[in-house]
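Asks: Sequence:
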Amino acid sequence: MSAYDSILVCVTRQKACERLIRAAAELKKEDGSLYVIHVTKESWNFVDNAHDGEALEYLFTLSKSYGADLTILNSDRIPETIAQFAEHYGVQLIIIGEGPDDSRNSFKNRLLELLSDTGIEIRVIPNPCSP
12 MSAYDSILVC
22 VTRQKACERL
32 IRAAAELKKE
42 DGSLYVIHVT
52 KESWNFVDNA
62 HDGEALEYLF
72 TLSKSYGADL
82 TILNSDRIPE
92 TIAQFAEHYG
102 VQLIIIGEGP
112 DDSRNSFKNR
122 LLELLSDTGI
132 EIRVIPNPCS
142 P
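When the letters of the sequence shown are read in order and numbered with this note's numbering, they come out as residues 12 to 142.
No lab work stands behind these hints: they were computed from the structure.
We put the CB at the ideal spot given by N, CA and C, even for glycine.
Be a bit skeptical, because a hint or two may be false.
Claimed, not checked - No farther apart than 20 Å at their CA atoms in a straight line, the calculated lysine-lysine pairs in the PhoX-like style are these:
1) K40 / K75
2) K75 / K26
3) K75 / K119
To be verified - Across the chosen pairs, the derived CB separations fall in these ranges:
4) S76 / N120: 26 to 36 Å
5) E65 / D128: 33 to 43 Å
6) K26 / S127: 27 to 37 Å
7) S127 / G64: 15 to 25 Å
8) N116 / K52: 30 to 40 Å
9) T92 / F71: 31 to 41 Å
10) G64 / E41: 27 to 37 Å
11) N120 / E41: 13 to 23 Å
12) Q95 / T23: 18 to 28 Å
13) E98 / D42: 35 to 45 Å
14) T92 / A27: 16 to 26 Å
15) G64 / S13: 11 to 21 Å
Using the sequences provided together with the hints, build the complete structure.
Replies: Set out below in structure tokens:
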């Protein structure tokens, strides 16, 4: 299995995202960079209620425990925002989770399209509850 100098993990507010960060940490070179990103819709205020604030604190603590930097961005163009971030920081691998349906597939396909000329790889980490 290859080790990467720079990995970006795309997370949601779900605590199950730890498996994504853990997988990325295992793929990262010892002196490599690990970034965790959460992109929210512009109309959505992440810290508007206690549950969201708790989720943010959890993501921050979890990211730090793996030596990662957490970035939260607001954008209605989520795949484009992730692609720009990845290119800006010289990311070699993007980790995303497997969705409950084809939604992640279209998300992955859009990212692949945006990053087709960059050499950035995308890896989907299966849902542990999948058959």
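Asks: Evaluate each hint against the coordinates.
Replies: Now for the hints, and whether the structure bears them out:
1. K40 / K75: holds (17 Å)
2. K75 / K26: holds (15 Å)
3. K75 / K119: violated (26 Å)
4. S76 / N120: 26 to 36 Å: Given a distance of about 32 Å, which is inside 26 to 36 Å, the answer is holds.
5. E65 / D128: 33 to 43 Å: holds (40 Å)
6. K26 / S127: 27 to 37 Å: Cβ of K26 to Cβ of S127: about 33 Å, so the range 27 to 37 Å holds.
7. S127 / G64: 15 to 25 Å: Violated - the Cβ-Cβ distance for S127 and G64, about 38 Å, lies outside 15 to 25 Å.
8. N116 / K52: 30 to 40 Å: For N116 and K52 the Cβ distance comes to about 20 Å; the hint is violated.
9. T92 / F71: 31 to 41 Å: Violated: the Cβ-Cβ distance is about 19 Å, outside 31 to 41 Å.
10. G64 / E41: 27 to 37 Å: Holds - the Cβ-Cβ distance for G64 and E41, about 33 Å, lies within 27 to 37 Å.
11. N120 / E41: 13 to 23 Å: violated (32 Å)
12. Q95 / T23: 18 to 28 Å: holds (19 Å)
13. E98 / D42: 35 to 45 Å: violated (21 Å)
14. T92 / A27: 16 to 26 Å: About 22 Å separates the Cβ atoms of T92 and A27, which means 16 to 26 Å holds.
15. G64 / S13: 11 to 21 Å: Violated - the Cβ-Cβ distance for G64 and S13, about 37 Å, lies outside 11 to 21 Å.
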